[in-house]
Amino acid sequence: MPDASPRRPRRGLLRLREEIPGWLFSAAGFVVPALLLLAWWLVTELGLVRPLFLPSPGEVAAAGWQQWSDGTLAQDASVSIYRIVVGWAAATAIAVPVGILMGNFRLIEGALEPLISTVRYMPVVALIPLSILWAGIGDGQKILILFLGTFFQQVLMIMDNVKTIDRNLIRAGQTLGFSNAEILRRIILPAALPGIWDTFRITIGWTWTYLVVAELVAANAGLGRRIMDAQRYLATDTILFGTLFIGLLGLLTDYIFKKTGQRLFRWAQLGR
Amino acid sequence: MHKLVIDGVGKTYPGTAGPVTAIERIDLTIPENQFVSIVGTSGCGKSTLLNIVGGLEDPSRGEVRIDGTPIRGPGRDRGFVFQSYSLFEWMTVAGNIRFALEKSALGRAEKTELVAHFIQAVGLGGFEDAYPRQLSGGMRQRVAIARALVYKPAILLMDEPFGALDAQTRGMMQELLLKVWEDHKVTVLFVTHDVEEAIFLADRVIVLASRPGLLKNDLTIDLGRPRSFEIVTESAFVALKREILANIREETLKVMAAERV
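Chains as they are written, first to last, in UniProt numbering: chain Z, 1 to 272; chain X, 1 to 261.
Just so you know, the hints here were simulated from the structure itself, not pulled from any lab data. Any given hint might turn out to be false.
Said to hold, decoys possible - The following label-pair restraints were derived from C-beta to C-beta distances:
hint, chain 1, residue 1, chain 2, residue 2, range
1, Z, Ala34, X, Gln120, 33 to 43 Å
2, X, Gly73, Z, Ile94, 24 to 34 Å
3, X, Ala258, Z, Gly271, 37 to 47 Å
4, X, Gly126, Z, Arg106, 56 to 66 Å
Claimed, not checked - Covered, in the sense of this in silico footprint (three residues per stretch, anywhere, with C-beta under 8 Å from a C-beta of chain Z), are these stretches of chain X:
hint, stretch
5, 75 to 89
6, 94 to 107
Backbone N, C-alpha and C fix where the C-beta goes; we use that ideal spot for every residue, glycine too.
Please build the complete structure, drawing on both the sequences and the hints.
Pasting the structure below:
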């Protein structure tokens, strides 16, 4: 039956910026990977590529099961997660105060911004030999690489987070008689924190992407190490499993940050 | 004795294409508890003047004195209300107002009482625990007014506080502001570009000349108080409005003529 009313609601799922049902939004996120998985399975099942170039999903899963049952997966994951957490936390511990100072004092911004912007483009991989000379071949060297890969991007992003807050908030603090230090800690920091939290979420993702680089040299355990080892034997199933597993851990990290952020900053999600 | 003296204040910014004068020279003396509106074309330096009195910007020339003492930076003898609300969004309504009392020597109980009093005064009873993002623009600005008054500053500085509100809300806020002001007398400097708002609220309207920022006119608004919104149709009100609008139109034409050259 055609609708009799003169103004029918516009139909279609591809309307600019319009909402779609929540279930559909979530489902779409599963459908695309599922289709890719299906295509992958078909290509290998039909023998269109040689297993060396692309092992089947089953082989990759078997490689994963193997690592899980002999305990290497748990050991690799715990070693890598430890390095990620320490490397990222060290970068963050310095980037937050430095970024806040750069975002609020022009002198500090002027002094550090050109330097950091330059270092940010330097390839971290190229620093591996130096990092070994400086930090040895233990965990410290891996953490140093993760730190270098994270810090310089993060500090500039935090500076920007801080700069976007309304200047009149600072002025309000000044008229209320607060000192610079109090305004930084009690007004600027909380106002910028939701944005800074988003930066945390993005930058820990980048730390994950540096894991393989960090474990390139002189590591005997770790998710990245396992991939590099598999490369030597052309064990493509292990390489693919390791890569996918790092992706999954990254997704999990992202989810944890997202949910924690929503809990911590309820005020920022309130709307009319 | 005059509460607030603006003595030969001028402001010049070092622009990229040579220095830009925002304020040429302004002299004003304002007695205690006077409500002064400042109007002018955009770019006449009215917000700059307010920032200088607030201590948020330093004047290039001259000085501002409160009770005879030159000001040095911002201070708790002045409260500021900005157009952009500028509330601390991670604090509740009561939290925002209480935050303004942090530097005060009052005891806990007295602070709590003051906060409650000002929440009632601006008509926000029942919204103590709401967060700013849950409030409408008018309600947010009421929080800002309460926050600026709760620590009892001698001078209240308001920079187009109702500029972002819709016309109906603005009218309600003007009446609310007058009511709060009559109950808690304070010297007010109120910057606006709305001539009707300027007259309705004030004891005195200052018209600034467009660049280079000089005094154009200084009118006494002798309309009696308390006022209600009906006053805007009275002939005395209309005459004042006509005079100020003519002043501003003259200045606007000057700006346009200067731009054409």
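The hints, checked one at a time:
Hint check: Ala34(Z) to Gln120(X), Cβ distance near 59 Å, so the stated range 33 to 43 Å is violated. The supplied range of 24 to 34 Å is met by Gly73(X) and Ile94(Z), whose beta-carbon atoms lie about 31 Å from each other. Checking the proposed 37 to 47 Å range against Ala258(X) and Gly271(Z) shows it holds: the Cβ atoms sit about 44 Å from each other. About 44 Å separates the C-beta atoms of Gly126(X) and Arg106(Z), a value inconsistent with the hinted range of 56 to 66 Å.
Taking a C-beta to C-beta cut-off of 8 Å, the stretch 75 to 89 of chain X contributes 10 residues in contact with chain Z, enough for the three needed, and the coverage statement holds. Only residues whose C-beta sits within less than 8 Å of a C-beta in chain Z count toward coverage, and the stretch 94 to 107 of chain X has 4 of them, enough to reach three; the restraint holds.
Hints 1 and 4 from the earlier list are contradicted by this structure; the remaining hints agree with it.
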